[in-house]
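Asks: These protein sequences, in sequence, are chains A and B. Residue numbering for the first sequence follows this note's numbering, starting at 1381 and increasing by one per position. Residue numbering for the second sequence follows this note's numbering, starting at 5 and increasing by one per position.
Mixed in with the good hints, there may be bad ones.
One-sided and incomplete, this derived list gives chain A residues near chain B with beta-carbon spacing under 7 Å [said to hold, decoys possible]:
| # | residue |
| --- | --- |
| 1 | Glu1383 |
| 2 | Thr1390 |
| 3 | Gly1413 |
| 4 | Leu1417 |
| 5 | Phe1418 |
| 6 | Asp1419 |
| 7 | Gln1422 |
| 8 | Leu1426 |
| 9 | Leu1441 |
| 10 | Trp1443 |
| 11 | Asn1444 |
| 12 | Pro1463 |
| 13 | Ile1654 |
Quick caveat, the hints were computed from the structure, so don't treat them as lab data. Ideal Cβ placement from N, Cα and C applies to all residues, glycine included.
As a plain string of letters, each chain reads:
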Amino acid sequence: MPEFDLIAPTSTEEAVAELRSLPPDEVAVLAGGTDLLFDLDQGRALPRRIVSLRNLPWRTLDWNGGALTVGSTLPLRALETDPDLPRRMPGLYRAVRAVGGVALRTRATLGGNLARSAPTSDLIPILLALDAAVELVGPHGTRTVSVDRFVRSSRETALGRAELIRSVRVPESRPSAYVWQRVRPVNDISQVSVAVAFSPSEGTWRVALGGVRPRPVRVPEAEEGLVGPRPAGDRLSRVADRIARHPALAGDRRASDEYRRHLVAVLFARAVGIASDGAGGAP
Amino acid sequence: MNPRPLSVRVNGQALRVESVPDSERLLDTIRWRLGLRGTKEGCRTGGCGACTVLVDGRCTLSCLTLARDVEGSEVVTIEGAADDPVGRTVQAAFRDAGALQCGYCTPGFVMALTGLLKERGGSTSVGQLLDDLGGNLCRCTGYVAIVRAVEIARGRMP
């Protein structure tokens, strides 16, 4: 592994100043490190300095009514063991548990997963479906950006130079589901995944796909086809057929075009069924 | 300033390890500087769980952790498992179930199960524990005996 200096600032200002002091390709940010150490081993990152966020007070989790704010460096394991998460945001709970094994989730973070912005991220699709936003802090203060606008493509995000993700906010608890298909159920990468959530306050569905390039996407044409808290029958089948024709569902080394389209139709109907069971309301 | 000394507690002992580069993984510090070879390197990419140790009581992949990033923490490796009542219970359960073939994955399984039982206590179901052990692989595929070891360990928890 290449040599670098590791520093662990104790304030946001200090962290931002450290990031500004070197050209962007010579400095890297360490949250949990589960992606970064892999990149360092592969020679994909060659920083002179790494700024660890471990001493910043960002390992937080706050419920405010049904809204959830998660500090960017909170380990995923701490998020999944929150007693309220499985009931209030079942889709997010399932998605967090889909990331690696427990010993990986002890270190991996929500902020790190968003900053890596992998097309196969298990967290980005459900954050899209739950209408989440990230709070960023940098040299010019703080700003809030929706996850949809934050994620651009693999390793590309809306983060500016010396900007950090401070927290992730989900505006309301929603009946939701996250389902995926893999070669191996644990410690593998999803060939395709589907996240859905129903907003009781707006009466609308949000649908997102993962494992597609160049990034996980929302599918507005599927969202429009879903009416009421418990879509079912022919109407649901028609939307499933439509989503299977989505242009992002191309074949790659993980799954052929045909297989991925078949999977997404099955997974989509399954996800809506799971979320509908939690959505209540008249059938 | 780099390499520089590293202060860390390992298996109950406060250590000052000299000349550790910031880029060193906890796995390599444990195996090659401290000579604790019970912790195994499997895939080195977080895919197999063979390198699992406890950091501040939680099961952690030492291959994806920089030693410098856990400075000041308490690390427990398989060599220290027997100093803890839960670790002893888990080791005895693996022994009694004969839950090892080549043995390469065993330290990781023992530390992962110890961490899970310490984190969640005896109220966790066997099903939940098995689900949470999904990050540990046994390439001998000796899972039947490992499942039995989990059942035994769970049954012996207070």
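Asks: Confirm or reject each hint.
Replies: Status of the hints after comparison with the structure:
Among the interface hints, the one on glutamate 1383 of chain A holds; its C-beta lies about 5 Å from the nearest C-beta in chain B, closer than the 7 Å criterion. A cut of 7 Å between beta carbons decides the hint on threonine 1390 of chain A: the least distance to chain B is about 13 Å, and the hint is violated. Satisfaction of the interface hint for glycine 1413 of chain A is found here, the shortest Cβ-Cβ separation to chain B being roughly 6 Å, below the 7 Å cut-off. With a cut of 7 Å, the hint placing leucine 1417 of chain A at the interface with chain B holds, because the nearest CB-to-CB distance is about 5 Å.
Because the closest C-beta pair between phenylalanine 1418 of chain A and chain B is about 6 Å apart, less than 7 Å, the hint holds. Annotation: interface hint on aspartate 1419 of chain A violated; nearest CB of chain B at approximately 11 Å, more than 7 Å. Below 7 Å, beta-carbon pairs count as interface contacts, and glutamine 1422 of chain A has none with chain B, the closest being about 9 Å; its hint is therefore violated. At about 11 Å, the closest approach between the beta carbon of leucine 1426 of chain A and any beta carbon in chain B exceeds 7 Å, and the interface hint on this residue is violated.
The closest approach between the C-beta of leucine 1441 of chain A and any C-beta of chain B is roughly 16 Å, which is over the 7 Å cut-off, so the hint fails. With 7 Å as the threshold, the beta carbon of tryptophan 1443 of chain A stays out of range of chain B, its nearest partner Cβ sitting at about 21 Å, so the hint is violated. Interface hint at asparagine 1444 of chain A: violated, since its Cβ lies 27 Å from the closest Cβ of chain B, which is beyond the 7 Å cut-off. Against a cut-off of 7 Å between C-beta atoms, the interface hint on proline 1463 of chain A is violated, since the closest Cβ of chain B lies about 12 Å away.
Nearest Cβ of chain B to the Cβ of isoleucine 1654 of chain A: about 18 Å, over the 7 Å cut. The hint is violated.
Violated hints, in rising order: 2, 6, 7, 8, 9, 10, 11, 12, 13; the structure is consistent with all others.
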